[in-house]
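Trainee: The primary structure of each chain is shown beneath.
Protein chains: 4
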Amino acid sequence: MKTSIIKEFEKVELKNPILLEGFPGLGMVGSIATKYLVKHLNAKKLAVLHSPHFPYHVIVNKKGSARLLRGEFYFWKNEAGENDFIFLTGDSQAQTIEGQFEVANSILDFAEAKKVKTIVTIGGYRNEIEGTPNVVAVSTTPALLERALKANAVPSESGTPIVGTAGLLLGLAKFRRLDAVCLLGETRGYLPDPRTAKSVIEVLQGLLGISVDLKGLDKDIEQSKEILGRMQDIEKRRVKYMQKMRRVEEERITYIS
Amino acid sequence: MKTSIIKEFEKVELKNPILLEGFPGLGMVGSIATKYLVKHLNAKKLAVLHSPHFPYHVIVNKKGSARLLRGEFYFWKNEAGENDFIFLTGDSQAQTIEGQFEVANSILDFAEAKKVKTIVTIGGYRNEIEGTPNVVAVSTTPALLERALKANAVPSESGTPIVGTAGLLLGLAKFRRLDAVCLLGETRGYLPDPRTAKSVIEVLQGLLGISVDLKGLDKDIEQSKEILGRMQDIEKRRVKYMQKMRRVEEERITYIS
Amino acid sequence: MKTSIIKEFEKVELKNPILLEGFPGLGMVGSIATKYLVKHLNAKKLAVLHSPHFPYHVIVNKKGSARLLRGEFYFWKNEAGENDFIFLTGDSQAQTIEGQFEVANSILDFAEAKKVKTIVTIGGYRNEIEGTPNVVAVSTTPALLERALKANAVPSESGTPIVGTAGLLLGLAKFRRLDAVCLLGETRGYLPDPRTAKSVIEVLQGLLGISVDLKGLDKDIEQSKEILGRMQDIEKRRVKYMQKMRRVEEERITYIS
Amino acid sequence: MKTSIIKEFEKVELKNPILLEGFPGLGMVGSIATKYLVKHLNAKKLAVLHSPHFPYHVIVNKKGSARLLRGEFYFWKNEAGENDFIFLTGDSQAQTIEGQFEVANSILDFAEAKKVKTIVTIGGYRNEIEGTPNVVAVSTTPALLERALKANAVPSESGTPIVGTAGLLLGLAKFRRLDAVCLLGETRGYLPDPRTAKSVIEVLQGLLGISVDLKGLDKDIEQSKEILGRMQDIEKRRVKYMQKMRRVEEERITYIS
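Read top to bottom, the protein sequences are chains A, B, C and D.
Using my numbering, the first residue of the first sequence is number 1, and each one after it goes up by one.
Using my numbering, the first residue of the second sequence is number 258, and each one after it goes up by one.
Using my numbering, the first residue of the third sequence is number 515, and each one after it goes up by one.
Using my numbering, the first residue of the fourth sequence is number 772, and each one after it goes up by one.
Treat the hints loosely; a few may be bogus.
[Stated by the list, open to error] Chain D regions said to be covered by chain B (calculated; three or more residues, Cβ under 8 Å): (1) 898-910; (2) 914-928; (3) 933-942.
It should be emphasised that the hints constitute simulated quantities derived from the structure, not laboratory data.
Yeah, the Cβ is synthetic: ideal placement off N, Cα and C, and Gly gets one too.
Isolated chain A, as found in the complex (with noise of 0.2 Å):
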């Protein structure tokens, strides 16, 4: 194993699939979206993906079992759509510099076996966050970005980097003549972020016209508070010890100078 290998499960025949990837990244967004969707859509195994580039160890599974690190591909027969799907989630991203090139360059390859015509991908932006997260919207094509617009995503920044496979997917899928639209939920970032993957999926119902049963989430989402409650808790008492030091500092420093 030199290079990325995907090795599919099934041949199944795909309507007009729209590949759609979410990695673990920032806030997780992308891989919680994702695999919300797997499950709630009752996605199938479509293809794994193995990688010299990802990280070089096994995890355990339930069964006592172990695997290496992997990416997934998913697919859903949307019947009540014009599009199929294949969703792509995984363990982890590649690990150096010209892996994360090679990976996003075999994914592509295989989306465009498929006949894949249009990507979206999925990340978090850091920023803090004032009620609902916003999700910005970035693509290649200006049809999409319009009607991920109208579907409640925001206009980004210019010169904002998208780092990763989210990026390099959307850059890359311009040379090969694939619509990419990224889509990026504001989250803290250090922590898993069910809230934002939400917004996220909720911009994404929009987008591609799916609609999924979001309540699942919500119990994530107050687990995820109370943790974050703790942790500006540990927080605010460790910056007013800090202001408490600099201030007995600058007392001693004024006595004595």
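Add chains B, C and D to chain A, keeping to what the hints say.
Mentor: For chains B, C and D alone, coordinates are given in the frame of chain A:
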């Protein structure tokens, strides 16, 4: 040498050989256990593995000569049992991500050429030990896991990562339809840990139906206990000093603020 | 994309073209100067360079689209002179050692295909500046060095390293029997430095017999002076505070010891 | 340039040539000794080695030109003896693990093409020196080790690592059935160390039956002693200050607790 090279010393015919791997890693559990078996079963040199992914230095041996870091394969003809053995240990693991995958695959190529059907890998996992160290078993094959548990290994929690060669061999073996089991001994991990290596060998004896005298390890265990004792004393004093410092600092703040 | 790719937009016939390269680096001197020339000479897009050795992210542009980091080639038909020009600038340099060599060689392959015989590279070197920043010239060709010195560049001390693309193009040009000169503007280097870029362009005008209006840089220079002023104030206060702290600490020691 | 390239300046016929390598490393022992021999034996340029694994910069030379970092091969026709010599020194070693192996192998390819049968590598090993620095010898060939010990080298402890080109050439020479010996001079290692280089050359004279006037090194040795003296003064004052600080801190704790 752009890729790993395995050079055989001798062409031997082995009976249903099992590959047992233990490279240096956490607590040196894998290499201590494997080297002990090689020595006490009087296993013979089979092959060496050289790799451009190993550290770029040589080490001086007793005769004042020097050699590259390497992997070492030994074989043991197990007259009494159904399986002969190939042992693999060495000086170091590969130093880069892509190198780890390359080395693991070249080991498996060699194993398949030798008609190996079963692979056992050994490592350590970090934990504070109480009493006898546990040995966790993970296997790609339910029957093999079952046998390991019968031999007093304990099942692993799901989600645990197994890093390095011991893990990758397991993960990559699957694709080659080889059975594989990994035994991880519980170890504090910051010192060579013969105590944990002994626990692993005890499980190996039950799992593989081999028998070795373990007394040779007891002297090493005594020595490592002494070293550990001294290190714990130092650590205790350090913690006590830090607590005192913190108290001093707090009192000063109380006083001034 | 396993290696760098240069994609031409347009087949143009260029008259004894000179390649002028200025990638981002110390003080952004190379990219500021090159981009200024591209804009004020109204140079046209010639080609883009994409590379798996560039950082693995895309950047969002003004239209809400995104693109890979890239190198950009422009051409300018210099009606009045003997040489047309190819300008090369971009977002980033290669991120690994081997990548730096690969990118530099692919640039030179392209230059040779375009019949370039002379290469000019631009960068910065770190120094505390007094008055007008110096521009140091280094060249593989004595005649070219001579011309740069006549255009008010100063000779370099021997032993100076020139890091990155500006240096490698020079070093690798030799093997291809191309003439090459590197101009390094003196810069503090921790901020984009249009003042130094201006000095470099002044030398370039003399060296290459081209003429551009430099007034456009003066506004940027004013702005950067203000930013620098504010940063120096902060730095002065920091130094003063550190000195005070040290004095306090020393007095305390004197008192106690 | 995807791999290292060795370019010959001149086709020379050499009589049983010995390759003597000394790249920059600990205390610069290898490069100081080799460059001294090149100069005082009046050896001639034979070839240069360029590599994409060397640092990605060029260095400016005395004429204001610049060149890539490189390895330099020199030859010396040893009229009086049985062996001619090839000397190899340079600016830098390879910067990545895989690069170190690639460069070492390309050196050995060249040596074999030149019919070299014996390789001598030079480096430093870190130690506090008392009196004349020791020179440790390590060899893949007992007879060669014997000769080095007779020439006043001392044997190495087993387990010592020899890092970098000096070590890898030794380790890789074995596979090509070349004799190789490594001489490591004892050095503090944080400054260029002509004193240790002199000790190494003294051993080389006995080992190789060559004779060079060593007076040229004595001036460098005097200079380096002065620098070392100043650095040790600074270090002593620093240690004293640290001790005072610690005492102050301890007294304060005693007082408060």
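Trainee: Three residues minimum, CB to CB under 8 Å: does the segment 898-910 of chain D make the cut for coverage by chain B? Let me know.
Mentor: holds (count 3)
Trainee: Establish whether the coverage given for the segment 914-928 of chain D by chain B is satisfied; the threshold is a Cβ-Cβ distance below 8 Å, and no fewer than three residues must meet it.
Mentor: holds (count 4)
Trainee: Are there at least three residues in the segment 933-942 of chain D whose beta carbon sits under 8 Å from a beta carbon of chain B?
Mentor: holds (count 7)
In this structure, none of the earlier numbered hints is contradicted; all agree with it.
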